[in-house]
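Visitor: Chain residues, written in single-letter form:
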Amino acid sequence: METVFNKVRKSAPKAALLMAVAAGAMLQGCSSTESSEAAALVSGVAGDAASKVYVAPGQHDELYTFMSGGFSGQVAVYGVPSGRLLKVVPVFSQNPENGYGYNEETKAMLNTSFGFVPWDDLHHPKLSRAAGMTDGRWLFVNANNTPRVARLDLKTFETAEILEIPNSAGNHCSPYPTNDNEYVLAGTRFSVPINVEGDGKYEDVNFDEYKEKFRGSISFIKVDKEHGDMDLDFQILVPGFDYDLANGGKGPSSDWVFFTTYNTEQANTLKEIGASQNDKDYLAAINWKLAVKYAKEGKAKEMPAYYYHNKLDEKSHIAKSEIKKTVRILRPEDCPGLMYLIPVPKSPHGIDVDPTGEYMVVSGKLASVIPVHSFSKMLKTIEKKDFIGNVGGIPILRYESVLQGEVKEPGLGPLHTEFDDKGNAYSSMFVSSEIVKWTLKDLQVKDRIPVYYSVGHLVIPGGDTKKPYGKYLIAMNKITKDRYLPTGPELAQSAQLIDISGEKMKLLLDFPTIGEPHYAQAIEAKKIAPNSVKMYSLEENSHPYAAKNEKEARVERKGNEVHVYMTAIRSHLTPDNIEGINVGDEVYFHVTNLEQDWDVPHGFAIMGNNNAELLVMPGATQTLKWVPQRAGIIPMYCTDFCSALHQEMQGYIKVSPKGSKVPLAFSTGAKKPKA
Amino acid sequence: MKTVSRLLMFLAAISIGLLFLFPMWKILVQAPQYPEGLQMHIWINKISGNTDYTLQNFNILNHYIGMEKIEPDSFKELTYMPYIVVFFIISGVLIALLNLKRLVLPWVALLMVAGGAGLLDFYMWLHKFGTNLDPNAPIKIPGMTYIPPFLGGKDLLNFHAVSLPGAGSIGIALAVILGLGVYFLERNREPQRIKTLA
Ligand SMILES: [Cu+2]
Numbered sequence: 001m002e003t004v005f006n007k008v009r010k011s012a013p014k015a016a017l018l019m020a021v022a023a024g025a026m027l028q029g030c031s032s033t034e035s036s037e038a039a040a041l042v043s044g045v046a047g048d049a050a051s052k053v054y055v056a057p058g059q060h061d062e063l064y065t066f067m068s069g070g071f072s073g074q075v076a077v078y079g080v081p082s083g084r085l086l087k088v089v090p091v092f093s094q095n096p097e098n099g100y101g102y103n104e105e106t107k108a109m110l111n112t113s114f115g116f117v118p119w120d121d122l123h124h125p126k127l128s129r130a131a132g133m134t135d136g137r138w139l140f141v142n143a144n145n146t147p148r149v150a151r152l153d154l155k156t157f158e159t160a161e162i163l164e165i166p167n168s169a170g171n172h173c174s175p176y177p178t179n180d181n182e183y184v185l186a187g188t189r190f191s192v193p194i195n196v197e198g199d200g201k202y203e204d205v206n207f208d209e210y211k212e213k214f215r216g217s218i219s220f221i222k223v224d225k226e227h228g229d230m231d232l233d234f235q236i237l238v239p240g241f242d243y244d245l246a247n248g249g250k251g252p253s254s255d256w257v258f259f260t261t262y263n264t265e266q267a268n269t270l271k272e273i274g275a276s277q278n279d280k281d282y283l284a285a286i287n288w289k290l291a292v293k294y295a296k297e298g299k300a301k302e303m304p305a306y307y308y309h310n311k312l313d314e315k316s317h318i319a320k321s322e323i324k325k326t327v328r329i330l331r332p333e334d335c336p337g338l339m340y341l342i343p344v345p346k347s348p349h350g351i352d353v354d355p356t357g358e359y360m361v362v363s364g365k366l367a368s369v370i371p372v373h374s375f376s377k378m379l380k381t382i383e384k385k386d387f388i389g390n391v392g393g394i395p396i397l398r399y400e401s402v403l404q405g406e407v408k409e410p411g412l413g414p415l416h417t418e419f420d421d422k423g424n425a426y427s428s429m430f431v432s433s434e435i436v437k438w439t440l441k442d443l444q445v446k447d448r449i450p451v452y453y454s455v456g457h458l459v460i461p462g463g464d465t466k467k468p469y470g471k472y473l474i475a476m477n478k479i480t481k482d483r484y485l486p487t488g489p490e491l492a493q494s495a496q497l498i499d500i501s502g503e504k505m506k507l508l509l510d511f512p513t514i515g516e517p518h519y520a521q522a523i524e525a526k527k528i529a530p531n532s533v534k535m536y537s538l539e540e541n542s543h544p545y546a547a548k549n550e551k552e553a554r555v556e557r558k559g560n561e562v563h564v565y566m567t568a569i570r571s572h573l574t575p576d577n578i579e580g581i582n583v584g585d586e587v588y589f590h591v592t593n594l595e596q597d598w599d600v601p602h603g604f605a606i607m608g609n610n611n612a613e614l615l616v617m618p619g620a621t622q623t624l625k626w627v628p629q630r631a632g633i634i635p636m637y638c639t640d641f642c643s644a645l646h647q648e649m650q651g652y653i654k655v656s657p658k659g660s661k662v663p664l665a666f667s668t669g670a671k672k673p674k675a
Numbered sequence: 001m002k003t004v005s006r007l008l009m010f011l012a013a014i015s016i017g018l019l020f021l022f023p024m025w026k027i028l029v030q031a032p033q034y035p036e037g038l039q040m041h042i043w044i045n046k047i048s049g050n051t052d053y054t055l056q057n058f059n060i061l062n063h064y065i066g067m068e069k070i071e072p073d074s075f076k077e078l079t080y081m082p083y084i085v086v087f088f089i090i091s092g093v094l095i096a097l098l099n100l101k102r103l104v105l106p107w108v109a110l111l112m113v114a115g116g117a118g119l120l121d122f123y124m125w126l127h128k129f130g131t132n133l134d135p136n137a138p139i140k141i142p143g144m145t146y147i148p149p150f151l152g153g154k155d156l157l158n159f160h161a162v163s164l165p166g167a168g169s170i171g172i173a174l175a176v177i178l179g180l181g182v183y184f185l186e187r188n189r190e191p192q193r194i195k196t197l198a
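So the sequence lines, in the order shown, correspond to chains A and B. So for the first sequence, the UniProt record's numbering puts the first residue at 1; every next one is plus one. So for the second sequence, the UniProt record's numbering puts the first residue at 1; every next one is plus one.
Quick caveat, the hints were computed from the structure, so don't treat them as lab data. Here the structure is a predicted model, which means the values were calculated and not measured. Ideal Cβ placement from N, Cα and C applies to all residues, glycine included. Hints may contain errors.
If the Cβ cut is set under 10 Å, some of the chain A residues that face chain B in the computed set are [stated by the list, open to error]: (1) K346; (2) I396; (3) E400; (4) L594.
Here are the computed distance ranges between Cβ atoms for each label pair [said to hold, decoys possible]: (5) A644/A x K69/B: 51 to 57 Å; (6) A631/A x K128/B: 25 to 31 Å; (7) H160/B x P57/A: 19 to 25 Å; (8) D155/B x P96/A: 39 to 45 Å; (9) E503/A x H160/B: 19 to 25 Å.
Cross-link-like lysine-lysine pairs, in silico, DSS-like; alpha carbons within 27 Å at most [to be verified]: (10) K26/B x K551/A; (11) K504/A x K46/B; (12) K548/A x K2/B; (13) K76/B x K551/A; (14) K311/A x K155/A; (15) K46/B x K548/A; (16) K534/A x K46/B; (17) K107/A x K311/A; (18) K213/A x K324/A; (19) K76/B x K534/A; (20) K654/A x K315/A.
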């Protein structure tokens, strides 16, 4: 009976869509003159675009897209093809909306060796892998500014872990997960003095010592197969260049990972000129399997370091920080065959390996061609020792020997390339604001489409895996003048959805994004949705301050610390009258949400608190710290519209002047909970 | 009794055992806020739901209208009903094993009475819950009671409630049908045997 009901309910919107589209076509036919202006504005948009991106109310999107929030420090989840924002997940930034980084449980997530860093610049989301394909378990993201790598759990869409990266500065070419998720690799953008001899913290160097003292590092983060927990296994000390992007091989090149470099000139000032002198920079090719082998054999030396590792406990939801004081370091000069440098035109940016694992496409923002290197040629060049020199013992391969060919006149400012399932490559052109489609077979340009404007990364779902889902391409743009209504000096950055299923690319949709949509990864919803957690088990809640039923609700004083064990359920808080709190007390509200139902969080806020709110998920406990500043009656309430009686979900706290002897008391209704 | 009858009688007794494997009654409610629905399962010895938390969620919803909390521990029926069921299973099996033909009809009749009593109890329970409302309930609608449907569907405020027997009840129905079948089978056979004897 239920299923029949659901069937009817689900098919109804489809019928409505057909009617809406038909009606739209008729209206257009009637007023062709009026619509000509609009038609000109949307030129390049596929005629049937609206129906292709229309996801009827109650229907689900085909794909989840995880977009970096750039300088917002968050990850935004969008549905594709609708472009609807599904969720914002705070990672490196405090988020008052749900108390992340404000409440006592999650503050520790943002601890670093620099102290509490409540913001970062999040650039690259990467989905976990199994056999070279995305598996929908975790999302790894980098913090560009204060080097960190975070892991998001896609069962809950929450940040589960943040690992600080020592000996790194500007964790930009990061994170890259290997094909079976054995490791996540992270490279430094800025080379810095790496003090491997001293205490790992400080070395007194001058800027003009760049060439001798500054080094880069590539970190090998081991990932636990079952739980995803990260652990910094070792680092490779690499030449003191700037490292830009990373991408790994697949199939035959599975053991290799590639990093683009710039500033091979090793300039330390006015880099826009200093780092743009060499006609060629390098693609660093590292045999990561060999690196792991060398590290296992004891070639990695333990060095002092100082960095934080913050993890959220799955059952208590409390994050704990651990300080690590050593790191193992591998030097390429001690490890033959570990690393090679492949020349690439001036200041390369993106490095992308095609689905077969044979071609390495290196786009350079200052280059006029897109060089395509061949993996098999690279192996032959290495075998023949066809080197043109070395950097600190790392061989430089001959450009012409590794090169498969160049894509001529692709456009201005090629940045990134993604691949479809039919042997085509799509490169973003930052300067000429377009996307160019070309084929790997003959390196000829086949199609181009304008984007609005200054496109950076682009993404094809699974476009960096063995088998791309070649239906859509998403362009991530920096500038949107003329695309949206003005919103003051700053306009939204945007993403554009392009249909790549046919010969010609077709623009389907624009949608604004939070922060900067730097890079994204997309995955079929069916790989994630079935594992989604609907609530936390109250029974399994191991938070030490949890009150698992109203009888356990209470208030306790320890010196000037007061702990309130509070429960929230539709539609009341227990206790909801509290007295005996004095000005200056450190009051901790440990709020347990007793609900065991989907989508019923309760919020908690206190008037005048110098903090954020709590948003407590069903079955979870979270703690809000409050230090009352003045005496009086202070209200508290639930912020999440939880039920018809949500407004009534409130209470009072009586705050007495400092030093008052008012005894602690608390109650809910006439029956007071047991003290 | 013939072997077939004894076998059927045995099956009748055993099929009551379904009550231990499946709920005897199900109440489903659906509301705009609960598109996936909530299902309460009433068993011979417990009350549960389609999830571990259904009962808690039923109670949360019910408290708005001042309905008493449904707590399985407060139903004494749930403690003694399993014994009654076990009694019927054992007695039925004994009737089959010991070939107690004349006890077949009384057994079926007693089972029907017990089943009827169960239904009556269930009806009264629904009535009690639907009408015994806290006078201080947040939502009060004059003249409104919230007796869930005994059998079939009914709209209660924003909820559509459906009440249907569960697979456990099929066990009783099966037992009654099989039991009656045995009775009639044996009764039809009797005159023939007398004839042949004569
Ligand atoms: Cu609430």
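Visitor: With reference to the structure, classify each hint as holding or not holding.
Guide: Structure-based check of all given hints:
Annotation: K346/A was flagged as interfacial toward chain B, and the flag is violated, the nearest CB pair being 57 Å apart, outside 10 Å. Given hint, I396/A at the interface with chain B, is violated; its Cβ is 62 Å from that chain's nearest Cβ, farther than 10 Å. Contact between E400/A and chain B, as hinted, is not supported at the beta carbon level, the nearest pair being about 63 Å apart and thus beyond 10 Å. Given the 10 Å rule on beta carbons, the hint for L594/A holds: about 8 Å separates it from the nearest Cβ of chain B.
For A644/A and K69/B, the hinted distance range of 51 to 57 Å is not satisfied, since their beta carbons lie about 19 Å from each other. Checking the proposed 25 to 31 Å range against A631/A and K128/B shows it is violated: the Cβ atoms sit about 50 Å from each other. Between H160/B and P57/A the C-beta distance comes to about 21 Å, which sits within the given range of 19 to 25 Å. Evaluation of the 39 to 45 Å hint for D155/B and P96/A yields a pass: the beta carbon distance comes to about 42 Å.
Range check, E503/A to H160/B: about 51 Å between beta-carbon atoms, so the 19 to 25 Å window is missed. For the given pair, K26/B sits about 31 Å from K551/A by alpha-carbon distance, which is inconsistent with the 27 Å threshold. Distance restraint check for K504/A and K46/B: the Cα-Cα separation of roughly 63 Å exceeds the 27 Å cut-off, and the hinted pair is therefore not satisfied. Between K548/A and K2/B, the direct Cα distance comes to roughly 60 Å. Violation of the 27 Å bound is thereby established for this hinted pair.
Note on K76/B and K551/A: the hinted pairing holds, with a Cα-Cα distance of about 25 Å set against a maximum of 27 Å. Distance check on the hinted pair: K311/A and K155/A sit about 16 Å apart at the alpha-carbon level, within 27 Å; holds. About 23 Å separates the Cα atoms of K46/B and K548/A, which keeps this hinted pair within 27 Å; it holds. With a C-alpha separation of about 25 Å, the suggested pairing of K534/A with K46/B holds against the 27 Å cut-off.
Distance restraint check for K107/A and K311/A: the Cα-Cα separation of roughly 11 Å lies within the 27 Å cut-off, and the hinted pair is therefore satisfied. Between K213/A and K324/A, the direct Cα distance comes to roughly 24 Å. Compliance with the 27 Å bound is thereby established for this hinted pair. Among the hinted pairs, K76/B with K534/A is inconsistent with the structure: their alpha-carbon atoms are about 34 Å apart, more than 27 Å. Between K654/A and K315/A the CA atoms are separated by roughly 33 Å; this puts the pair beyond 27 Å, and the hint is violated.
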